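Sequence lines, in order, name chains A and B.
FYI, in the working numbering the residues of the first sequence are 1 to 246.
FYI, in the working numbering the residues of the second sequence are 247 to 730.
Worth flagging that the hints you see were computed from the coordinates, not collected in a lab.
Treat the hints with caution; some may be incorrect.
[Claimed, not checked] So the derived list for chain A, only partly shown, Cβ under 10 Å to chain B, looks like this:
| id | residue |
| --- | --- |
| 1 | HIS158 |
| 2 | GLY162 |
| 3 | GLN164 |
| 4 | ALA165 |
| 5 | ALA166 |
| 6 | PHE168 |
| 7 | PRO170 |
| 8 | ASN171 |
| 9 | SER172 |
| 10 | THR181 |
| 11 | ARG182 |
[To be verified] Sample of chain A residues facing chain B (criterion: CB under 10 Å; computed from the structure):
| id | residue |
| --- | --- |
| 12 | ARG144 |
| 13 | ALA160 |
| 14 | SER179 |
| 15 | ALA180 |
| 16 | ARG211 |
Computed from a predicted model, the values in this text were never measured in an experiment.
By construction, the Cβ of each residue, glycine as well, lies at the ideal position given by its N, Cα and C atoms.
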Amino acid sequence: MLIAIMSDMHGNREAFDACLAHAQRQGVERYVLLGDLVGYGADPGYVVDLARRMQDSGAVVLLGNHDEAISGSTADMNEYARAAIEWTRCRLDVAQKKFLRDLPRTHREGDVLYVHSEASDPRAWIYVTNSADAERSMRATDARITFCGHVHRPLLYHLAPGKQAAPFTPNSALPIPLSATRHWLAVLGAVGQPRDHNPCAAYAIFDTERRAVAWLRTPYDIERAAQKIKNARLPAILSARLYVGR
Amino acid sequence: MAREPLATGATVDGFLIGEKLHSGGMAALWEVTRSDIDYPIVLKAPQIQDGDDATAIVSFEMEQMILPQLTGVHAPRCVAVGDLARQPYIVMEYVPGHSLLPLLDKAPLPIADIADLGAKCAIALDAIHRQHVIHLDIKPSNVLIRDSGEAVLIDFGLSHHELMPDLLAEEFRLPIGTGPYISPEQVRGVRSDPRSDLFSLGVMLYHFATGQRPFGYPRTKSALRARLWRDPVPPRAIRADTPEWLQEIILRCLESDPGLRHPTAAQLAFDLQNPGEAPITARGRKTQRDSLATMLRRRWRLHSTPARAALPIAEQIEAAPIVMAAVDLGDDLTTPSDVLRETVARILRALPGARLACVNVLRLNRIGANYVLDEQGRNIHVQRLVELREWARPLGLPEGQATFHVLESPDTAGALIDYARVNRVDHAILGARARSPLLRLVGSVASRVIAEAPCTVTLVRAPDLSVADPATAADGASDSWKNG
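One chain only, chain A, in its complex shape (with noise of 0.2 Å):
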């Protein structure tokens, strides 16, 4: 089976729309949303809405740190992602906020984990940004496959037994397989604010039968999405990183 995994989607419309659309011309039959539905773009309650409908057709939907800045604390926040958070409240009703609260940090389903942040402390919403975080995540587990997001550029880490975590960034949407005997810490990049210089919306596809993951991107109307994000009068870094993916 197909598993289509997005994470960061941050409440851009036209980047969701877009990986929505790819991941069914490959032929997906389930959807894991690894969190952030919200934050930064000018599209939340569309994004959340949507989410809600996948999640009522078999969809899991995880929590994000920023979905829970939402009815909680924007402490840890830099400026802009502050000043997105308190646009976003005022543009959710109350059953939209009530949707977020109750999403739940980690999904498991036999030796594989969906986190948003990392597996160690998935309250802590830790940023993996080397080995030696991915190692902590891996082996706070015993799922042999983790699948996260919250860093926005994508990375594959590996651990054998005895031996320290390495990493592998993706370079083409060639399948990737994942063998058994290790662990992997698969870390999506990002469908809203992709950060790894490439501005296409950025996805997996996870291949149960081969247990093979694909990194996907798809091109999106960036232009629309900026200029929603000007309209709203939100910090104009938020929709220029958009152009250059960074």
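Position chain B relative to chain A; hints supplied.
For chain B alone, kept in the frame of chain A given last:
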């Protein structure tokens, strides 16, 4: 690792295990069958005892990743891989035929055989390099020759796939490869350069030519490092009848700096298939190893230059294509060979690593063979070669970048298409005549080449000045009005 031992008569995931064919250091091979597969297949399983060498496990893991990605005749077709945690195996096509290993005992081999085997191996390497894979363990026992003649590369356990994680690079600091064949950059830990395979192929060709190993059989890391600065004894010093062109090719493969080797496996195959066409440098003529001073200079330079990761394979291949210019040496003045030359010049300016094959077809009558001499008794073939060289002279190419070929055939298009296929041409450039009584005929040659050549084809056409454009026509009209 294996939960149940494999044995004749047992069934694994639908595969019925037959005879054990081979039991080697790291793996065993079994003959297997499955009702839905109508070609011979084998099962390869790792032979790993408890607490055994970790390289063997990771290497099997790598082969399980890489082999299913490869297509084409130059690697065994992969049928299935077995879960490493449960029952590790690879089921693949059984390739009948022999490996090149027994040939080592027969070396020195005839020169023509060496060029032929070398070209077959280089073509196979080109095929896997174009699929993002570097073999990194090329040696006679890992090359089989199919009954149909193509080389098949086996054992991808030490290979590198540039679109996948390299589990070996991450986990092992020691050089990974086979002592006599390992390239200098592999010794330095670089596993991303396709030209490493050209080095190993060079070691094979050297052995086939001389009966000796160019760098011996080093067993320590320091002995392994010697090839970084010490050049081998030139084959001509061991076997006097080694042609200069073959020594040129072999020693170029064995250059310590990958940048001095052939830029691609396809260009190496081209030189092996066209013996004597490429120019001979001092490398091809020398009969002694480099002087102590040269060797020390190389060794010194090595200390100041760290090993560098190579460019992506596709970039290396795209930067060094084989370009064929089909040059029409017609006698009439409408020949568009000038326009063709300008187009070729533009392409070579953009891709200085390209090889240019200037090709002309000498059409033969299907009957009668007195074509060799013209009315004046001159050798037409030689005359055509001279004209081809003259055609290319204004390009001002460095020696070695262009080669010249006159093909003799009754079928112009067929000859060009065959040439492009055999020589793995990436880009064929042909001229079309704007106006000519032969337009239809030439047109059919170009359209057949475009339809059938296994490469990109560019058709160059000189502007047809006989067709008046509307502005000229209007001027003409105003002129006549004025005159009237």
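Each hint tested on the structure:
| no. | hint | result |
| --- | --- | --- |
| 1 | HIS158 | 6 Å, holds |
| 2 | GLY162 | 8 Å, holds |
| 3 | GLN164 | 8 Å, holds |
| 4 | ALA165 | 9 Å, holds |
| 5 | ALA166 | 4 Å, holds |
| 6 | PHE168 | 4 Å, holds |
| 7 | PRO170 | 8 Å, holds |
| 8 | ASN171 | 6 Å, holds |
| 9 | SER172 | 4 Å, holds |
| 10 | THR181 | 5 Å, holds |
| 11 | ARG182 | 8 Å, holds |
| 12 | ARG144 | 9 Å, holds |
| 13 | ALA160 | 6 Å, holds |
| 14 | SER179 | 5 Å, holds |
| 15 | ALA180 | 4 Å, holds |
| 16 | ARG211 | 9 Å, holds |
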